[in-house]
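> Chain residues, written in single-letter form:
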Amino acid sequence: MEALLAIAVGVLTACGVFLVLRARTFPVLLGLTLLSYAVNLFLFASGGLRLDAPPLIGAGAASSDPLPQALVLTAIVIGFAMTAYLALLALRGLAESADDTVDPGREE
Amino acid sequence: MTAHAPILPIVLPLLAALLQMAVPRLAVQRIVGLLATLLLVGLAGWLTALADDGVWRVYALGDWPAPFGIVLVVDRLAALMVLLGALLGLASLLYASSGFDARGANFHPIFQLQLLGINGAFLTGDLFNLFVFFEIMLLASYALLAHGGGLARTRAGIAYVVLNLLGSSIFLLALGLLYGTLGSLNLADLAQRLAGYDDNRALASLAFALLVAVFVLKAGLLPLSFWLPHTYSAAGAPVAALFAVMTKVGIVALLRVQLIALAPGGLDDLLEPWLTVLALATVAFAALGVLAAERLRVLAAWLVLLSAGTLLLTPAPASVQVSAAAIYYLAQSTIVGAAGFLLAGVIAEQRGAAADRFVTGARPLPAWLQIAFLVLAATAAGLPPFSGFIGKLMLLGVLRETPAAPAVWATLLAAGFVVLVAFARDGCLLVWKYREAGGAPVVALAWQKICAALCLVAGGPLLAGFAGPLAGFAERAAGQLHAPGAYATAVLTAAVPPAAPAAAPRVPAPPPQMPKAAP
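Residue numbers (my numbering), protein chains in the order written: chain Y, 1 to 108; chain Z, 109 to 627.
This is chain Y alone, in the form it adopts within the complex (with noise of 0.2 Å):
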């Protein structure tokens, strides 16, 4: 399972970075996105990694971290919440200047 959740942070990783470096900012937001996921699939093996075991003292044979848990819920809203932002801010610059590129330095 160790291998299986790396691969993914892993391939998630590389398809979020390379999404990024494209500078068009659909491509973008959805390496954002991508990223994202890596970084909370992330964390939530930060505490420790086990089968069957709730997060609860008590509840069963072996109990798992939850603060991870609780850390990884955080984020998501976080992360929701900007990638919306930015989502309507891209549009608007397209609405604004029929122009998708990430690029703040460019003249009119």
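Derived by calculation from the structure, the hints in this document are not laboratory data.
Predicted, not measured: the structure shown is a model, and the values here were computed from it.
Check each hint, because a few of them may be wrong.
Short, incomplete list of chain Z residues facing chain Y, as computed with Cβ under 7 Å [to be verified]:
| id | residue |
| --- | --- |
| 1 | E243 |
| 2 | Y250 |
| 3 | G256 |
| 4 | L259 |
| 5 | T262 |
| 6 | L271 |
| 7 | L273 |
| 8 | G275 |
| 9 | S277 |
| 10 | L281 |
| 11 | G284 |
| 12 | Y287 |
Each residue gets a CB set at the ideal place from its N, CA and C atoms; glycine is no exception.
Since the structure of chain Y is already known, use the hints to place chain Z on it.
Frame of chain Y; chain Z shown alone:
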């Protein structure tokens, strides 16, 4: 009341923002915002006076003790930074409430949330909570940056948001690594665990390196600083003035992590020697930017980068004197940077079509504005009577003992000279070159703008006049910052107040969940 003092700078803007969202009338929002920010200044002043006794005031949210719950920690530096942010906030809000706030919806609630994020980032003693406050601050800043509309702002906004989302991803990776290796996210607890940690030191130092990378991205260290001039010069004048304190959030966080966790934990070589080299490169780069700027607000943005580069020289040496000089320089350069943006806004309004571009204007500037520009230029260039000179002198004096001293001296002095040349050249164009003499200014300036800009410009002479007390405070703050053992003891053994049932449940939250993240 005193027991709850640490949380008040976070609760007050939150309440003000909620009230403003409930009453969508601009006039009401303005009054509520100004009153709340004025109250915040008073509160921050009181907190600074309280903190000057040298005690770490630890506030455990929901009464969960430190390594398990989230704590807010008020020391001298945190209180001073909250005061600085509140002062800039008051000046910016005063400037904005003469019409800028009407150019889009919800300026006032977002402004208060921005203050909330800044205050929280300075006060928190927990790294994940720091992430959350960073995000609150950034989310508010995205909206404030776009306020007023226009293609330049949208473009700068897209790049700024993308870059900061990447920064947030790296921040989370660093936090995951830290929790995976050291098993804690509380700064004091992390520091203690790091000191006795031999299991996988490479991974722990990688985690801290990622964390430092995020902080220097916020601060604007050279390979990660290209966003800063674009973003700050695209923002409206009052928004940019408030942003001047945001680069300092990264610097203060870096200083804290270095002094509390890295240096005592045996990772003190993590920042050297690359940080000094890159900081000097940032200073040189920013000086060239100042020289190349073609309008005053762009010049002010480069000045912010220059001061960030100068300040990033200070975390690595990690001595009390260096930190004391850094704190004084930080306070004065933040105020001068913000003053630059507000003054650029006022000058742009006075000059009509020429705006704040360095070209021949239509009519001369009024005398008081010329004098204000002169004071600002002298302060920013570090000329003798004003605070820029004192700050630079203190820094040069204490950095003399470090091994990189020759390079530091040469770069800082050359950068100061370049800034002086740029201000002399641009000042001639702004002040002396005009097509027709006489004639009243077309636009009558709003008193709010004049008052806000002049108050911040007066910071240069005032901080020079009160340099003694402020430098003394900075020295005491640095001394407190350089006591990582006492910090850890204060945070980790903070007693639960005896009147817990009555006093505690202001923010009743389980420890890992962030109460402010939900809205």
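> Decide, hint by hint, whether the structure agrees.
Quick rundown of the hints versus the structure:
no.	hint	verdict
1	E243	5 Å, holds
2	Y250	6 Å, holds
3	G256	13 Å, violated
4	L259	5 Å, holds
5	T262	5 Å, holds
6	L271	9 Å, violated
7	L273	5 Å, holds
8	G275	11 Å, violated
9	S277	5 Å, holds
10	L281	6 Å, holds
11	G284	4 Å, holds
12	Y287	5 Å, holds
In the structure shown, a violation is registered for the earlier hints numbered 3, 6, 8, in ascending order.
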